[in-house]
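Add chain Y to chain B, keeping to what the hints say.
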Amino acid sequence: MHNNGYRWQVMEIRSFADYLRGLDDAALISIFTYRPDLVTPVPPDIASLAVRASSAPSLARAVDALNKWQLQVLEVCVILEEPFTEKEVAALTEKSALFLIPGLIERGLLYSDNDGLRTPTTLKDVLGNEISALGPSSMGKLKLKKLDEAPAASKKVLDAMVWGPPRGTIGDIKKPGAGVQWLLEEGFLIPFNQQTVVLPKEVAIYLRGNKVHRECETTQPAVTGDKRDQRNVQLAAIANIATFLRWTEEILNFWAQEPASALRSGGLGVRDLKEISLHLGVDENCAAFVAEISYLAGLLTIDPDDRILPTHQFDIWLTQSSSMRWQILASAWYSSSRLSGLVGKEGSKNVAPLGPELDRSNAASTRRLTLSLLRENLNIAPHFDSIFSAALWISPSKRSGGLHKDYILWTLREAEWLGMTGQGAISPYAIEFLEGNDVTAIDSDLPKSVDHILIQSDNTAIAPGPLEHEVAQELALIADVESRGGATVFRFSEGSIRRGLDHGRTGDEITKFLTKTSKTPMPQPLEYLIADVAKKHGKLRVGNTASFIRCEDSTLITQILGDKRLEILGLRKIAPEVLICGHDAAEAMNILRSCGYLPAGEDSRGLLLSGPRIQRAQTKARPPRIIGEFDRLNQNDIENALRALRTGEKSSRKQSTMRNIATEALGSLPRTTANETLDLLSDYLQNQPNKSLSIGYADNNGLVSHRIIDPLKLSAGSLIARDHATGEVQTFRIARITGVAAL
Amino acid sequence: MTDGPLIVQSDKTLLLDVDHALSTECRRAIAPFAELERSPEHIHTYRLTNLGLWNARAAGHDAEQVIDTLIKYSRFAVPHSLLVDVAETMSRYGRLRLEADPVHGLILVTTDTGVLEEVIRAKKIAPLLGVRIDKETIAVHPSQRGQIKQSLLRLGWPAEDFAGYVDGQAHDIALKEDGWKIRQYQEHAAEGFWHGGSGVVVLPCGAGKTIVGAAAMAHAKATTLILVTNTIAARQWRDELLKRTTLTEEEIGEYSGAKKEIRPVTIATYQVMTKKKNGVYAHLDLFDTHDWGLIIYDEVHLLPAPIFRFTADIQSRRRLGLTATLVREDGMEGEVFSLIGPKRFDVPWKEIESQGYIAPAECIEVRVNLTEAERLSYATAEPEERYRYCATTRTKRNVVEELVAHHSGEQVLVIGQYIDQLDDLSETLGVPLIKGDTPQKERERLFAAFRTGEITCLVVSKVANFSIDLPEATIAIQVSGAFGSRQEEAQRLGRILRPKSDGRTAKFYSVVSRDTIDQDFAQNRQRFLAEQGYSYRIIDADDVFQGKF
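Chains as they are written, first to last, in the working numbering: chain B, 3 to 745; chain Y, 7 to 555.
Errors might be hidden in some of the hints.
Stated by the list, open to error - Taking CB as the label site, the calculated pair distances span:
{"no.": "1", "chain 1": "Y", "residue 1": "Ala387", "chain 2": "B", "residue 2": "Asn352", "range": "49 to 59 Å"}
{"no.": "2", "chain 1": "Y", "residue 1": "Val333", "chain 2": "B", "residue 2": "Arg618", "range": "36 to 46 Å"}
{"no.": "3", "chain 1": "Y", "residue 1": "Gly162", "chain 2": "B", "residue 2": "Asp586", "range": "47 to 57 Å"}
{"no.": "4", "chain 1": "B", "residue 1": "Arg273", "chain 2": "Y", "residue 2": "Val333", "range": "31 to 41 Å"}
{"no.": "5", "chain 1": "B", "residue 1": "Lys575", "chain 2": "Y", "residue 2": "Val286", "range": "58 to 68 Å"}
{"no.": "6", "chain 1": "Y", "residue 1": "Val90", "chain 2": "B", "residue 2": "Ala623", "range": "31 to 41 Å"}
{"no.": "7", "chain 1": "B", "residue 1": "Asp440", "chain 2": "Y", "residue 2": "Gln190", "range": "54 to 64 Å"}
{"no.": "8", "chain 1": "Y", "residue 1": "Glu124", "chain 2": "B", "residue 2": "Asn131", "range": "42 to 52 Å"}
{"no.": "9", "chain 1": "Y", "residue 1": "Glu124", "chain 2": "B", "residue 2": "Arg273", "range": "26 to 36 Å"}
Unchecked claim - One side of the interface only, derived from the structure: several residues of chain B facing chain Y at Cβ under 10 Å:
{"no.": "10", "residue": "Asn234"}
{"no.": "11", "residue": "Leu237"}
{"no.": "12", "residue": "Ala238"}
{"no.": "13", "residue": "Ile240"}
{"no.": "14", "residue": "Leu456"}
{"no.": "15", "residue": "Ile457"}
{"no.": "16", "residue": "Gly488"}
{"no.": "17", "residue": "Ser495"}
{"no.": "18", "residue": "Glu496"}
{"no.": "19", "residue": "Pro525"}
{"no.": "20", "residue": "Lys537"}
{"no.": "21", "residue": "Gly598"}
Hints were generated in silico from the structure; no laboratory data involved.
No residue lacks a Cβ here, since even glycine has one placed at the ideal position from N, Cα and C.
If we strip away everything but chain B, and leave its shape as in the complex, we get:
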């Protein structure tokens, strides 16, 4: 930034600071309410507040919060020469703009001094060059009326440039065409360089009919969509909620048994994602979403050994009511800055779910915006284009790429998966949720859980509703799930019964459990199946340490020894009932099982091994933190901030006086406040550029040292200067300069 500009800006900030000082508490509170970042953390005094309020990031945030109409009015304000009046603004837009000006003032985006209205200078940079495609001001006075009599060729040029871009390329500035020639002569075009001309903003505004925008977009476009019946919306939403809770449970139970491992670059690999999407019977986008939400809610984490495992929090979650469980997932989603929609997006590089690349700063705000639009349009499943244009009106800012079409699309998709919407329209549960209430209605609206099953003679069992947790866990151990949904269909097979036995159940226990749980009599073939498997199960025992196979049934030993398929095990008979083998026990068991035998593991003391089936992570849940947005502060916090600020302001004046006295008394290191430092530095730079200065500079530990420097430039809160001690050009941070004095 040019020295001049900088100085000017300092002055400007000063006048802005004076303006702020003059505000009463109510006005300051309203600024803080709109712009919570101004008091996070609380600035030490009003001067610092003014600096922060006119800094680019803070202004950008404030601009982001404006809707299309507010933004249009603000753009006009920035275009006008300062100071300007409300009337001038209304003239370039329309009358209703007058209603918006107080709001912009409340936000600290406009302020008034004795002469009229002004904007913070940095606002121009924040809104970008060529606001509303308008060029720079003309240098001289223009006779705009003459434009009406412009020659046809010139008119054509003007027509092409009036709505922007305001720059035009011509062959050679020295030999312009007739149309351009006339415009240049009249000053209606300004030569910019050898091949470029610029249309001054006065000309463009005149040609636009003394307006800046083609159209003043004063109202939000209506959201249109398909009408939905409220009852159906609720039914569809509850089905979605039931399904989502089931998905979450299933994915975590799945990983409890076979933990996926995280990629080295973080996140879930493509193959693991495919596996869970297959397991859930949904597409990969949806599977990635379920995994992400569990991650955000702290139900799963990535262990230090890179295994992805459910946490203890998952166990707690399981014991909670359905409404509570849903709320935990829903709020994790609602406030997250991560976008699972980025996973597997076509035409982009592969982004892994649970990985580090999913954060986007405007994700949460887009989600909030979309949901609020849905909420304003009850019983309507909006058409995407209409909801997008409404969102664009509410949030027109282009910062960080502006409002992303995909983000809204994903929000709608995810809201449906989660049951925030049903048939595309917002559900009553989502409304309760958005109001911050407990959504207990879910508990009564979800199908009642059942504690029984119906066993049929084709070796299937059907749970005619959501099963109670304990029963479901036990059944999952001894039967394979064949079909999921409102009900669950289980199938018993030799393999599934064996799994139960492998996990320490006995045949009798299984039969007893089924008889107790089933509403229908236990079919005899199933009873036989369990008894048969139980009888055979454990006849073979395989040890790990010695890797032995023993069996009381010598026929079976003979059979195994004679089994050609088992030759790879290298079996040797060491006793009538014992074989040893060259492979370790696990491998041996697998090979035996694959050949249709039913071995059981045994430890060295002869005890039957039955490992725990489900696993939990050892570390605490560390859900990814939310980045980006500042939350709106509550009234209390704001008032506290204000009090602190007022106190700081007082003490800062007192301190500076005290310091002056102290400095004079001590006369050692120069002492100035940050603002004084800035003033002095810019003053020296401008008026005595070659003068060496003495400064006090604090190092990382706060130790102040004395430096002699030649200042070179002020930029972005730093001073660039040559240090006499080292002879090198160094950057000094203004905040660390304790004082400046001439040598």
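Same frame as chain B, but now just chain Y:
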């Protein structure tokens, strides 16, 4: 939340609670679009398939009706995505139409040029097409009608077939209902078929599929070709047609190894049709020698591959497939549906049983223990010999003897796979044996004697697996089978399902060696029947000897 009888699962299966008051009504409502998969005692499983939904469209049901039905009967809220999927799937039907064209013969017409552009670029479709007539129309080689329908189905753009059927040479056929009446379900089945044009009717063994065939012929009133499994079945068909219809002996011809008659109604065996002479199927011409108005495939689950291929070429003739057990261990069910036509009628076995049209049956698995010596030789047998060994153990013979003695006075069939075993049993029991090399005459004599009660016990090989009508047989004892074949088990049970004059319960024994591969196969074999609601009881061979069963 309604309290309906139906649970719609997210994997597109529908679970129907048969004990619910609305279950019958619901079953009727979903039958047009959902396919019955299993019907055990409490909960029946249906499945929504693309094919099923398209057939529903073809039969005039629209997506809205289907969705309404699902919502109306569903116990829980139906997942919205599933409903969307149903609507989308159904909307794919009918964008392409096959039509007859006076100039080009057969044409493919579309209402959606995008779809047409997509399909004509498909590798499998391109060779079947002729010239492009305009943006929305393209010619199709008439001989490829079946092929193109099949390929379009696989692409997911099923064509609605408006090209119609050839009427065939007219021949007057009517049902002759003297002293008997066509049953309601038979009439429904025949009508379902006739309105659909072509298709498969699934009815349990003994439920009178021949009558459905006869009723279909009465609808067509045209010359008919009937394909059956063997000569015995051919004769049974002829006898039945003479009895039930106005056809006379002169009008019905038999085309088999023995005779080569071609008459207005011709009954041919699969065997003769697939016989090769100098490397070519000499008899497949039969399809073309006559202007058939209707072709009936009996026991369509056994349809041999050459006939499959040939059937693709005769899509303009009406085709009716009949079967009790449309399960093929080779997984070719889909081919049957696309070539013969979709399932037009299916009903749970137990439903027919409850109406009294097939005999109630009890299935009993008798487990025998191998002796120590047998077990040792089983353990050391070569894998490929194992099943044969345990299925034919001598221990089984004693059990069969005991069972036959127990049921003396009733009509007993002993059915097995291995001829040695059957020879042995026939000798021990002192009863005649019918096997592959038994002459046709002898077979017919023995079956006739069995029907009249002159013989009360017969040992039969797999030649009697199907199509053999033995109304009074009440007991079947299965000693061995074709490994884990589900349909064989069902067909064998079918031999004893004809309703008995005294309403007796039929008994089906399956003798199985315990703790062997025989037991594993038995489990697989029983699956089809278990899914139809037949519950097996397992007893021990010792119980048989002690008379405790």
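Hints versus structure:
1. Y:Ala387 / B:Asn352: 49 to 59 Å: Holds, at about 53 Å.
2. Y:Val333 / B:Arg618: 36 to 46 Å: The hinted range 36 to 46 Å holds for Y:Val333 and B:Arg618, with Cβ atoms some 44 Å apart.
3. Y:Gly162 / B:Asp586: 47 to 57 Å: With a Cβ separation near 49 Å, Y:Gly162 and B:Asp586 satisfy 47 to 57 Å, so the hint holds.
4. B:Arg273 / Y:Val333: 31 to 41 Å: holds (34 Å)
5. B:Lys575 / Y:Val286: 58 to 68 Å: At 59 Å between Cβs, range holds.
6. Y:Val90 / B:Ala623: 31 to 41 Å: With Cβ atoms ~35 Å apart, the hint holds.
7. B:Asp440 / Y:Gln190: 54 to 64 Å: Because 56 Å falls inside the window, the suggested range holds.
8. Y:Glu124 / B:Asn131: 42 to 52 Å: Holds, since Y:Glu124 and B:Asn131 (Cβ atoms, about 48 Å apart) stay within the stated range.
9. Y:Glu124 / B:Arg273: 26 to 36 Å: Holds - the Cβ-Cβ distance for Y:Glu124 and B:Arg273, about 31 Å, lies within 26 to 36 Å.
10. Asn234: Constraint on B:Asn234 satisfied, holds at 8 Å.
11. Leu237: holds (4 Å)
12. Ala238: Holds: closest Cβ of chain Y sits about 4 Å from B:Ala238, inside 10 Å.
13. Ile240: At 5 Å from the nearest chain Y Cβ, B:Ile240 passes the 10 Å test, so the hint holds.
14. Leu456: This interface hint holds because 5 Å falls under the 10 Å limit.
15. Ile457: holds (9 Å)
16. Gly488: holds (4 Å)
17. Ser495: The hint holds - B:Ser495 has a Cβ within 10 Å of chain Y, the shortest such distance being about 9 Å.
18. Glu496: Check passed: Cβ of B:Glu496 comes within 8 Å of chain Y, closer than 10 Å.
19. Pro525: Because about 6 Å separates B:Pro525 from the closest Cβ in chain Y, which is inside the 10 Å limit, the hint holds.
20. Lys537: holds (8 Å)
21. Gly598: holds (8 Å)
Violated hints: none; the structure is consistent with every hint.
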